[in-house]
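K.L.:
Those protein sequences? They're chains D, H and B, same order as listed.
Read left to right, the first sequence gives residues 3 to 350 (the numbering used here).
Read left to right, the second sequence gives residues 40 to 322 (the numbering used here).
Read left to right, the third sequence gives residues 2 to 287 (the numbering used here).
Not one of these hints is a red herring.
Pairs of lysine-lysine, DSS-like flavour, derived with a Cα cap of 27 Å:
#1 B:Lys108 with H:Lys46
#2 B:Lys178 with H:Lys211
#3 D:Lys340 with D:Lys264
Hints are computed from structural coordinates only; laboratory data are not their basis.
Each chain, written out:
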Amino acid sequence: MMIMKLKIVVLSVFFATCCISCSNVKTEISGAGATFPLPYYNMVFKDFSDTTGINVAYGGIGSGGGIRSLKDGIVDFAATDAFLSKAEEAEIAKSVIHVPTCLGAVVVAYNVPEISSLRLSADVLADIFLGVITKWNDGRIVETNPDIVLPDLNITVIYRSDGSGTTNVFTDYLSKISDRWRAEIGAAKSVSFPVGVAAKGNPGVAGIIGQTAGAIGYVGSEYAFARKIAFASLQNKAGKFVKPSTASISAAASANIPADSKIMITNSAAEEAYPISCFTWIVIYREQNYAKRSPEQAQATVKLLNFILSNEAQSKAANVHYAPLPENVRCNALKSLKSVTYNGKAIE
Amino acid sequence: MKDKVVKILTFIAAVIILIICGGMVYSLVTGAVPAFEKFGVDFIFKKDWQYTPDNEQYGALPFIVGTLITAFLAVIISFPFSMAVSLFVGEYFKDTKVAAFLGTATELLAGIPSIVYGLWGFYVLRPIMVGMGLSEQGFGIMTSSVVLAIMIIPYAASLSSEFIRMVPNDIKEGAYSLGATKYEVVFHVILPAAASGISSSYILSLGRALGETMAVTMLIGNTNTLPTSLTDTANTMASIIANQFGEAAGLKLSALIAIGLLLFLITALINFIAKMIIKKYAI
Amino acid sequence: MNKLKYRSWKNKFGVFIICFFSLLTAIPLFAIIIKVFVKGIRQINFDFFTKTTPDTFDAMLAVNNGEVIPGGVANGIVGTLLMVLMAAVVAVPPGILCGIYLSENKKGRFSSIVRFVSDILQGTPSIVIGIVVYAFIVVPMKGYSAVAGAISLAIMMLPLIVRSTEESLNMLPSSLKEAGLALGASYSSVVFKVLLPSAFGGIFTGILLAVSRVIGETAPLMLTALGSSMVQWNVLRPSSSISLLIWECYNDPNMQSMIWSASLFLLFVVLLLNFIAKRISLKWRM
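Throw the hints in and build the complete structure from the sequences for me.
P.N.:
Written out as structure tokens, the structure reads:
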């Protein structure tokens, strides 16, 4: 009897909650996708919610999951670190636009006792990850670091076990600078690394690097900067050794960027550019009337994107160790937002 | 009249479980079809898991082996401990404060999220493994099996202790009155009486071990190859699905769902065999 | 050796072994619980329960200054509460009823199949359950929601409840049921007023274990409830949960200490449920 009574009480509370909450008419947006820009998005979404009162629910389930959700029409926007190829866009059937939101980078973190700065040239980096160079005091590493003494220590490569945009960007760079890498391993969100130990997520990779002398791996810039992990300077296409920083990441985007911003900016030719930089995008449908969405929903979505592209939000990117979009990219993105429609009419 | 209603309701409840399972199988099968179309039944036995953009080779064998080894190892490792705790709490020190304390602490273990187990294993167990010279990095089947064993202790221990406690007093008293020692009562009267419940609790904990994802994926090393020894790194089915699902598409997605389906079937097979064995040795 | 002495020795040895292994079990048990406590207690303050998760910038500033991270996990607490409650409401009645059915119909093809299926369900990884619920509920509903999350949790709870109910009822001596029926009580009265209360200990343990398990689950909720940075009372919208927050904090470089405090909170909840369960089962125990 008591159980019955308890159940009735519980059920009524539940229904009451449902009823109360269903009467809440505040517009809310939901999005899913990449984990790479998560810290920046969390900050921007919170600011947006404080300013406009519109809640944004975002789940970092991975770019693939985000695109799937968009395809199924269950979210207002998807976030991805890899822009959709023509084939993938064809699968979605309806037209989508890519809105770049900020710049990030992949840094090469390492743990070699007493070595606080390291310069790696492109082919050396590739050969380390290919397993060709196996010791820290290898002649080729010493060549680019004449003023430090490298120990006779084995190199342990650490890579991501989970599919990730970070891996995609990193392998994209390696494919551009090493023919062997491009032929044998290729660039993707998850590849078969020839040597090394796998770890889950940025914290996994950073954790192992921190605990293993001689380890080297790739980590998202926001993570590396926040945790103050030692990372290497890489030699860019112009021949300079560049450390990743807000300035050098933005420099990578200064070259010719197409209007739809669908380009991988790794191995940029700009002189001050950090070679493993990347855009990250939010993808939305061009025609916002899908899955019976209300015009308010569409308006809120476009408002959010305009907010992210605003100077106010962009200037905050550096606070969390991302880089703001260069001005021309930002303007192009704002322009493309104007082409978003609801039932064929442009949204205010 | 009320009886009929109750009987129908219980029947419907049983059917609901079947419907849920049916829905799962349907969902998995439709998702897995492309992978099986491309690779055929060989998918189960192939051991490559490579992907260069133009050549995708997916095979499930390394994960199947990894899953089976870790799960069984975990149950074997946890067996003496969970058995001891369930006897401690259910019989030997029944209704004492110590037993209540131990029992509650064991149940608390079930409430720890698997991420925390993974982190604990990463920061505490890994160095121990490296220190014992068992493994270079501390990852591998051994490490993840140990953590898995700790994770599944509550399921077997709590449920078994309840069943042991529920053995009716009269058969115990009957044995004592015949001059049996406590040990003999436990092993010849209590355990056989509670055998059905105890074995089903171990099957439940085996199920938990087969499906555990997070803690395993943080400690197993994630190499997609067949392990050759207990200290090798490997990968399990649940772990590869969890790692790759967020970013997968196309054939890869289908391969992952196919692995999910295989896990389902393998769990069924193991359960079937386990029940056969138990039936054979049942009193 | 005298047969009696041997048996007596075996007896003492048995006690020793039991105590030894129980002690050994207690070691990692307490090691983990203490570690979670030590690392997590610092972060728990009033804000923890009332504020939502901070953004990473504020967290970073706090970490750099050695302060406690501002904000809390209110959105996670509300989400977990709603989803676990809904999951329990959805899973417990059918679970118990199914357990009754299996116990009353021990033999028979249908029962064996249901038992079998229930055990397979237990072995399914949580992410696969998430994938299936995504396909059947999230997509038709055209949105992530706490309801979908609750349903995936309910599916995970079912096998434990079903099997523990069934086995607990099986442990009862048949004389109990026969006595009830002999006194003229109807079948349903015997089941609900005699059998279930007697088996309460086992049933409640099953429910408790089931709730403890799902309270910490992340993977299925990622695909069904998505997550939210605000407190969300509307169950038809995406919602956060403590387990999801733990995952987000794991991936965020500045919020590591939140992981431990959130886990500590979960431990408190499980402990609380434990106490409630013990109190109720004591009341019911004959």
